[in-house]
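Chains C and A are the protein sequences, given in the same order.
When we follow this note's numbering, the leftmost residue of the first sequence carries the number 1, and every step to the right adds one.
When we follow this note's numbering, the leftmost residue of the second sequence carries the number 1, and every step to the right adds one.
These aren't lab readings, by the way, just hints derived from the structure by calculation.
If you're wondering where the values come from, they're calculated on a predicted model, not measured in any experiment.
Misleading hints may appear alongside valid ones.
Here are the in silico distance ranges between beta carbons for each label pair [said to hold, decoys possible]:
hint, chain 1, residue 1, chain 2, residue 2, range
1, A, Asp36, C, Asn199, 38 to 44 angstroms
2, C, Lys241, A, Glu372, 48 to 54 angstroms
3, A, Ala56, C, Asp175, 39 to 45 angstroms
4, A, Lys96, C, Ser197, 31 to 37 angstroms
5, A, Ala377, C, Arg180, 32 to 38 angstroms
6, A, Ala56, C, Gln157, 38 to 44 angstroms
7, C, Thr57, A, Val289, 41 to 47 angstroms
8, A, Ala56, C, Asn348, 49 to 55 angstroms
9, A, Leu10, C, Ser197, 35 to 41 angstroms
10, A, Arg97, C, Asp322, 56 to 62 angstroms
11, C, Ala413, A, Lys53, 31 to 37 angstroms
12, A, Asp36, C, Lys241, 52 to 58 angstroms
13, C, Lys241, A, Tyr302, 55 to 61 angstroms
14, C, Gln376, A, Glu372, 40 to 46 angstroms
For every residue, glycine included, the Cβ atom is placed at its ideal position computed from N, Cα and C.
Letter by letter, the chains look like this.
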Amino acid sequence: MRMDTVIIGGGLSGLTCGIALAKRGQRVAIVASGQSTLMFNGGSMELLGSIGGKTVTSPLEAIATLPQSHPYSKIGAGNIAALAASAKELLADAGINMEGNTSANHWRITPMGVAKPAWLTLSDHLRIDNLDNLPAKRVALMCIRGFFDEPNGMLAQGLRDLGFEVKAIEFTTDDITTLRRSPSEMRASSLAKHLGSNNALQRVADQINALAGDADIVLLPSVLGQNDDNDFQSLQAMARKPLRLVATLPPAVAGMRMQTQLRHYFKMLGGNYLMGDTAVSGAFDGDRLTSITTAKLGDMPLKADQFVLATGSFISRGLVADYERVYEPVLGLDVDADADREQWTRFNILEPQAYMGYGVATDGNLRCSKQGTTIQNLHAIGSVLSGHDAVKMGDGTGVSMLTALAAAQSILA
Amino acid sequence: MAERMQLCNLSENNFEQCTKCSICTTVCPVAAVTTDYPGPKQAGPDGERYRLKDPAYYDKMLKLCLNCKRCEVACPSGVHIADIIQRARMRASEGKRASLRDTLLANTDLLGTMANMVAPVANAALGLKPTKLVMHSVMDIDKHRTFPAYSRTKFETWFKRHAAATQDAYPNHVSYFHGCYVNYNFPKLGQDLVKLMNAAGYGVHLLGKEQCCGVALIANGLYKQARRQGNVNAASIRQAVNDKRHMVLTTSSSCTFNLRDEYPAMLDIDTSDVRDSIMLATRFIYNLVDEEKIKLVFKQNYKRRIAYHTACHMQRMGWQLYSIELLRMIPGLDLQVLEQECCGISGTYGFKKENYERSQAIGSILFKSIEEARVEAVATDCETCKWQIEMSTGLPVENPVSILADALDVEATRQANGLK
């Protein structure tokens, strides 16, 4: 089977690249080995949150100071603003409404109640533009009885530390109580499915209206809308106070929603999304990749003019570490990683870990290499790239989207 | 060395690979509609740890699993979640007899053989209200269900009378595993395949001996019988592949998945030597067109708007691409590809009285998306999805092979492939 471009990996970077190409009329196939880490996303995108332990307030300025090995430097610090603008536009086209800008970071709130710098946040989720000027004073934190995925005490304390007056209010409804019959699965996604049906939302609104008291704003765990923000809009219409969602522990409804909307948009543009299939090897002709073989398509390889590697980092098995080495498992590409295993990790897990910066080696154009030869038609994008640390720098989703768009531009050029 | 030691510690079902991320539970169609089912993570890898300690930890609610395999498709760590659950059910059922209802539902070929002989009577009787009420109350088969109509003539009989004699004249040859549905209920699908393959220059042949693939037997706990029939099929397939050098084509995604993957995973029948030679006809045909070995010419005036539904087992096999891309070759066919959702029938599951409501609740997302697609028909590669979607949406549901055969300009295709 022949495509214009085949993308290995169906997460945020793969989908972003696939959409950008399909939109321009390309025949694209994405091979997705199960669901991606986008399912763990609490509803925000980040561009750059921290350098050397210092919080970044103006990401564009900070990006200009990054070393040449960082993916942002490779796609050109001067191009970031334009790429970020098209990323935001692409999300909106997919139906994902997010707010924020590249000139100044805002703050997202983690399930633990910690404020972290962010670039974009879903418009129905809590976003704080300025920590010295909070958007509200009195907060009613609605806590669902028996819900697994929100450490309410820590969240409430974290919000108080930021300066909010927080009233944590436990509540339930008859039908949410029924859900608790399955004690192991009182999870965000189960609630989102349940609240999206019947009249369950009205009962939640009744509770909010009865219990929120004098709050300026009502916070609810992010358990609304696996496919879109319609349920949030309905609840807001029924609730008498302004409402915002706060991120839960994963798998997160916000991430599922973004994944679903992006995949849906990609398919709508005619893209082929091969869910649950895995690329296992590739065939090369000199400095070109000619086809890849997948576990399920078997002896009928996927041929294409261009290929994109968007397989993610260790957690997604885009990189593998064994007792001897760090390697890229699908195509055996060159990687940037320490040969000495002692250097991979530090004993204190809170310190920056060297392995987080490992990834496939690319040239200034994000093209991969194999045994020192640059593969002319193979770009790498997203978390599989070396030279950045998503945990310590807060740049994971930004690198995913922006390198995806840069690779798409390069392919279309 | 250390690496190899680790491999030795992997179980057959690789449940140690589970990272507890819970993504499987978010895509489980059963957990979405009932709190009685603990969800695939708990029923699969989590529960397996307990069951290994003591089989008494077996949770009887595992019977609610549809075996749709959506959990396996979603798992980022490649854990065989549904296989773990099915194996646990199998162990728990050892020494127990399946109920008469389950045995009857599972024996699609026995039921088919009896019904074919008296097809008009059987169809009429099965459709009658009193019969349905008796089946509902005595047999626990839900009264809302209509049994798929039985054909008066089996596909095999039709083939022997009307097709067999001309097949040897074609330059190329394939074998066909038609399955129970084509044989007893809907011979037209088999006839469509013969029409399509013949026009492309391929003679179609039946297997030496074909029995029901056993997908329903496995689902209903009749493992011994499934293994017996599986061994007969495996031998026939080997004969076709090894002696005649034929590919073995199919037109049902669930039969195909069963023959290729469930035989080794559930029944310990090793089919690895012939696995690559068993495939859906759409995959085989797509590849012939792609490699320019055959040409398909379609009618000029064909015009339809159709939605494609990816059956759960089709997605598990990862082959929807072939059916979709083949259908896209038909000029005049406006194809809407639906988001993958479970239709809720899962073979015989939805026929059981105790499952009816759950089955319809599961399917409701799909039915709504079909309604919103505003199409005149639905295409899918699975016959039980077909019954469920037809009953629940009122729209006709067709196999992609039938749509291709219908849109095909037979004479022009024969000429394009060098036939007279």
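**Request:** If any of the earlier hints don't hold here, list their numbers in rising order.
**Result:** 1, 2, 3, 5, 7, 8, 10, 11, 12
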